Amino acid sequence: MRERVMQFGPGQALVGIETPSAPGENDRKQPTWVFLNAGIVHRVGPHRLTVNLARRIAGAGFPALRFDLSGLGDSSPRSAATFQQAAIQDIRDAMDHLEHTTEASRFVLCGLCSGADNSVRAALVDPRIVGIALLDPYVYRTMGFCLRRRLQQVVSAKSWKTLAMRVGGVLRRSARPRRTSVACDLDYQPSPPQPMYVRPIPERSAFAADLLTILDRGAQILVVYSGGMEDDYNYAGQFDAAFGRYGLKGRVSTEFLPAANHTYTEMAQRRRLGDVLVAWAEGLFPAASANPGRQVGPPG
Amino acid sequence: MRPFFFGRSERLLFGTYHAPAVRSPRPGAVLLCNPFGQDAIYAHRIYATLASKLSKLGQHVLRFDYYGSGDSAGDVHEGSQAEWIENILEAHEELLASSGVSRVIWVGLRYGATLAVLAGQSLRRAVASLILWDPVVDGAAYLQELTHMHTSFMRQEMRCWRPSGLMGSEALGFPLSSDLKSEIRAVDLTGVKPPHARQVTVLTTNQKPWRERFRGAVAGWTDSTHWIEVTTTSPWNTDRALNAILVPMDVLDAIVARVQEMP
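Going line by line, the protein sequences match chains B and F. Under our numbering, the first residue of the first sequence carries the number 8, and numbering increases by one thereafter. Under our numbering, the first residue of the second sequence carries the number 19, and numbering increases by one thereafter.
Keep in mind the hints are simulated off the structure, nothing from the lab. Where hints are given, some of them may not hold.
What the hints assert, rightly or not - Selected chain F positions facing chain B (Cβ under 8 Å, derived; list incomplete):
(1) H62
(2) E175
(3) R177
(4) G191
Bear in mind that the values here come from a model prediction, so they are computed numbers and not experimental data. Even for Gly, the Cβ is constructed at its ideal location relative to N, Cα and C.
Next up, chain F with everything else stripped away, as it sits in the complex (with noise of 0.2 Å):
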């Protein structure tokens, strides 16, 4: 495991490579895409343990802050989406110059699995495949999500709480200024151009009402799509969670099966 600072020099991002932890690596390399916020913190040993699973099956495996979160340069308010999804494209490139090889796999989840979609738009060369983890499809839905889960965290953690004059303008610590609100608002995944990608595999893990016509979307997307649900995980973005030291193995190891199942 090597971390290390990557990019623009005046914009940093941190990421943490790992090389094949076997004698014969499989030439692939495998690029994990942060949530937003919070979910970033209770993601990170989720991504450790799968980025680990997957070096010893021979990948190369990528995770990294993007501008303004985890241990990257700037904060959350310098940032912005568009900024967020040129990250995911500098850190493929990372990757390819890390790896030596040319298939990779991109792996997001929640928004992380939104920016590698729109990220996927701008690619030269396709991807070898997009696994989707419980992506975000109505922006506008997220954004209220994004509202509850602070409200409800706050009055969990105080008595006294009250939501202040403020509220909207942060979640669970992390600001959301009016250009960030509103690109994630534009955010329908139902109705964006495709994806660069061979192969695109969509793994749920809750019942969300856009479920039917996204799958309809991604259909039109590749000729090779999957849809996986996964109806037994433990919950991961929690507090309780995070104590706990709860991974979602069960969603790990379908998506360690998918890498597997590549060519």
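Just chain B, same shape as in the assembly (with noise of 0.2 Å):
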């Protein structure tokens, strides 16, 4: 099985290369994954995460495509007004391009972090695009989670340490210490460095309209979060709970990989990772389900 390179769009400037599934399977019946960007880092992905990921479920029969969008990797700016409708025409143009020279006809998108954002944009106006995979996509806080945060917070050796060393503080200085807020504060400890580009986040409603539109036309969306979104999400049920009250609860598979960090930098997680949509996508599409896990790509 053999990977090839894909120049498509505007005078050939995107980049891609192609993953068929694994020989003996069926696979121009089945929905073709498409792999974004996620933030500004090649198709290659952090770690090398999309290659991982798009010959994992390469090898469960699905042909996947990675590409960068324009203005990324190796793929020339293109003209539009903003990046993100760039990026919706972008993906437009590689399914277009996927229909032209295979036999493709449905899609699934899968993008971590902006990526996740792009495959809900894109999703919301292509009815081409059968199922969307989002990795670490908008996040939305809930008693649930406020509630855990300040168990950790009590058990928390480190919040113990801080406490003391605020209660001598205000002895020494003869004042009355402030009674601890019952509110879902998370200032007591820095967050970790915030990537530079911006992500910008909707409302809640506004977000969970967006899957319900997507969702009433058929397609099917599976959101998992990693360990690294600690800040603002801490339990595997936390998405049904957000948007439990706009209808979504139960129509959306969810996965929570508490161990994993934001880009799946360990191996074991990316493996477990790679799991979790193999498994999604079998339930979904059976019959591609001969030989899962197998890896394919390039001869090695």
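Since each chain comes alone in its own frame, lean on the hints to assemble the complex.
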């Protein structure tokens, strides 16, 4: 099984790598997975995540394409009003190209972080997209999150040390200690450095409405949250709790991988993520389940 | 720019060839040798920028991924230092064929510079120049650095992260097999056979304890050696630099200047 370079879009400006599905699979009847850039990392992905996932999913019988959106990696920029509009057009160009060069007609988009955001935007406007697998999409806190977070603070040795230092300081100044807030206040610990690119977060209701629109036209959605989102997502049922009142509960497949960081740096966590994607894909499209987990790609 | 696969059919390599972007190209070509692991992810934009600058100066440029890395076939654990050295020689032949020129310069970054030195020992015909950007001179120290990078990165990523019993078997998502670690640990560029290069340039952006020893060793490789210290460069091999689209232009300008100075 051999990967091949694809160039497409205006002036062949977009660059990608197609991974055919494993030999013996009836891959042309299965949706093709299209993997999108995570942030501004080129199509190989952070720690080679995207290559690993594309080959893993192809090993389960689903052809895959990983490509660079315009202006990223090896793809040239294109003129568009916004990067988001350009991204949607890039994705549609990729699907057009796959339709013409293969027999693909249905697609699953998979993306991490901004790749998840772009997956949602494209699925809203293109009915060929029958599924989206969102890795660390937008996240919204819930009461359950806050309670767990507060509990973590209570049992944390660092919290007690901080409290002791505060109390000590207060006593030394002979001032009355402030009452501990019961609100979901995470300011007491520094957040990890934030990415430099801007990721605007929509209102929860707006994001819910987008997902409902996609579901209502028959497409499927998987969301996977990593432990890298620990400042905003800390338990397995948080997605359903956050969106229950919008009618999303039970309609979206969810997974929580607390041992993984945002970019799935460690190999064991990448394998676990691959397992999740393959299981979801096989559950939705069972015809291609003969060889789960087989690695494919260029010979080797 | 032409992305393509090349090499042995069972272990294909991914490369990107940049043709000269001028009407009267200079008769020269440049091969860019990737660093290892996550460094190669960080270096993608840097090498793409460098390739673009060099092609605009009339150079043929090839950047490529070693077996088991980037878009090339296989997984890292299936590769080895010996194979990646072979990959450089394969890419060199590919560049000669694509460009039709015989004057080739190799540029290597970090472990890629080290591999270039080791590959250069096997060349039948000397390359015009080797440009080594912060080469890994001491393999054992490099392994420690990889482990430290992994640990500090993961601790920054997750408050609750703890090193596992497999610590040292992977570096920022790339496996370090026992065989690979043995190969890397044995690296000592202060005591290797000289590469076949008519000129050698070392670009350093940091002060390493082996600096003077290595400088002495390089002086014995060829009659034409250059040592360039760039002290103002911005860091490039971090997530922060990657997300901020930071490219160390001062180093790239120094490399371009060296290429332009070649006869």
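Query raised in the report: Does H62(F) meet its interface restraint, that is, does its C-beta lie within less than 8 Å of any C-beta in chain B?
Result: holds, 5 Å
Requested in this report: May I ask you to test the interface hint for E175(F) with respect to chain B, counting a Cβ-Cβ separation under 8 Å as satisfied?
Outcome: Because about 4 Å separates E175(F) from the closest Cβ in chain B, which is inside the 8 Å limit, the hint holds.
Query raised in the report: Once the shortest beta carbon distance from G191(F) to chain B is found, is it less than 8 Å?
Result: holds, 3 Å
**Report entry** chain B contact restraint for R177(F) - C-beta distance below 8 Å
**Finding:** holds, 7 Å
Violated hints are absent here; each numbered hint is respected by the structure.
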